[in-house]
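Q: Each chain, letter by letter, is given below.
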Amino acid sequence: MNGAGEIELRASQWLERRDREDWSGADQEALDAWLDASPAHEIAYWRLDAAWERTDRLAALRSARPESEARRASLPLIAKIAAAFIVLAALGGAYLGFTPRASERTFATELGGRETVSFGDGSQIELNTDTVLRTRMTTAERTVWLEKGEAFFRVRHDAADPFIVIAGDHRITDLGTEFSVRRSPGALKVAVLDGRVRLGSSEAGSAQHVLISGQVAAATGDSIVVTRRSKAALANELSWRRGVLVFDETALGEAAAELNRYNREQLVIADPSLSRLVIAGSLPTNDIEGFARLAQTVLGLHVEHRGNDIVISR
Amino acid sequence: MAETRDTSRDNAGSPGVVSRAELRAWFIAEVLPLEAALMQFLQHNWRNKNDLADLRQDVYVRVYEAAKKEVPHPVKPFVFAVARNLIIDRVRREQIVPIEAVADLNSLGVAKDEPGPDRVVAARDELRKLQAALDHLPPRAREVVTLRRIEGVPRREIASRMGITEDTVAEHLSAGMRALADLLYGGPFGREL
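Taken in sequence, the protein lines are chains A and B. If you read the first sequence in the working numbering, its first letter stands for residue 1185, the second for the next number, and so on. If you read the second sequence in the working numbering, its first letter stands for residue 813, the second for the next number, and so on.
Hints were generated in silico from the structure; no laboratory data involved. Each hint should be verified, as a subset may be incorrect.
Keeping only pairs whose Cα atoms sit at most 25 Å apart, straight-line, the calculated SDA-like set for lysine to any residue is [unchecked claim]: (1) B/861 <-> A/1426; (2) B/881 <-> A/1218; (3) B/880 <-> A/1213; (4) B/861 <-> A/1417; (5) B/861 <-> A/1464.
Treat the numbers as computed from the prediction; the structure is a model and nothing was measured.
One chain only, chain B, in its complex shape:
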């Protein structure tokens, strides 16, 4: 569904070699599955847990900017090299050094581009993962997401069934969406389970 909506933007004014649609497909297929490992790495090397989402964003933006010119291959060592450099930059700026960086950063030199566990997912595992993610949502958000996404109930009906406004339904949907992304991609490090 998103593909059709996004086609109007494909290649439109894109300065790089790689089209937007290609970039998007590549990012979702190759980079997002690394998020759990990336979050683990960031969490291990950065003590302020409040910064993790910002760090993740900065890594993604750097990867994106690089990929616009040329898609890096293999992906995994590249993403972790970016994360490593970002942490070193931050450390120099803040002068607070996470010691754990040393061991991990050194081991990165030999990182292989093995397919992450998320890349070969059987339907059953995917279902279990989705169900687990859904189960971790706050109860109200879970109910709204289940009704809307899985049972296809219209917003207005969800609102009247649950005795809440449509705006609140919308808030639950967008909050549920954010939590699901953390749970599905970030793993245990993306969000406190």
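Next comes chain A alone, as it looks inside the complex:
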């Protein structure tokens, strides 16, 4: 059934006319016929009528209007305390990650893990699931090797001291930026949320691409493909930073592969034709059972647990 807006419009016109002085018996008959034509007409009419009747009460109650707005004062203090905690947390974070002596450090997350590391220069790195990265942060250089996985970088830009991410054969140089780098076997993806980065091979003299905010580069072997994404699409891509995955009309197979990155249990789509099913929505990265439940209850698919595998079939 369609056209709720159209029906509601007609219902409101009827109600408006009914209120006029020249409302006639013939008008009433026409209204009755319209109401009888469909329950949807009748319901829309009842609903608007009931809301409209309530405004009568507004006329009656208006003289008794309450005039009290006498609470405040306690909030600013809470706000100050909260602000103090935020500052402390920021300082704590900064010293946690940055020790001047040990110039080279390694950070790693487990399957399903997520961690944020802050550095003394104000830069921050958020590690996604199953990620290993090595950093060398000295006064002379800022270099990060992404050994595997995915990370989001919020860099305090310093033109004299570039921040460089090395991922396999590729080198990403910050030009004032927030960006993410995802490394998987044989492929690299760089997404720029804010500012610019330069992407190229780590070999000297190779071609360089400057990526700007909203661009996503996919590098495989020697080729780099740059696409432009909407702010919303990019935010979805980085939703792991909030611990959720957002699927925007994503194929079932693709969504399963994405969830598998975060979980020990693995989804297996047994029937290739199922990968054509499209899903949309969001799910916590660790809720692989929720995904299985969805497949079973909503899509009506067969779900079977076999050891660490969750096999989905028709």
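Chain A is already provided as a structure; the job is to place chain B on it using the hints.
A: Just chain B, lined up with the frame of chain A:
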């Protein structure tokens, strides 16, 4: 006022057990107050916001058809079960699955028929709610609605006072009526505030 006008239709040719007047009274008292929660549920489980009004209509029609035979009791779990089934039907048809459905749909099994917040409303809350709804109308519509409904000014006089035609007054009234219903029943999910 509506009651007197509608009596001619009560029971007239009504095939079900429940009379039209009873159905209407029941619908306004029991179902409409659930609209805010229903819209929240629909909005949460359906991504295309343009479909929400149609979905709401479909839920109401299904509830209405069922109630014509027998008024469901308790109401709330019934309305949400209808909404759930409707979404599942749509999902199967469109093959685009809102994942959020899972969590919410499961929790529905234990939904109690507690009186919604709208069912016990003190006069002062009602006034505040109505005033807030009125304040959210577009300025011209608000002025017309206030003059007509609250101050009882005749249409013709509103038209001449505001320098608009009576037809435009009528348009503002019917638009204001639709917006008020969304604001009063649908809550923040019924309409963008």
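Q: Now, for every hint given, state plainly whether the structure supports it.
A: Do the hints match the structure? See the list:
no.	hint	verdict
1	B/861 <-> A/1426	holds, 24 Å
2	B/881 <-> A/1218	holds, 22 Å
3	B/880 <-> A/1213	holds, 23 Å
4	B/861 <-> A/1417	holds, 18 Å
5	B/861 <-> A/1464	holds, 14 Å
The structure agrees with every numbered hint stated previously.
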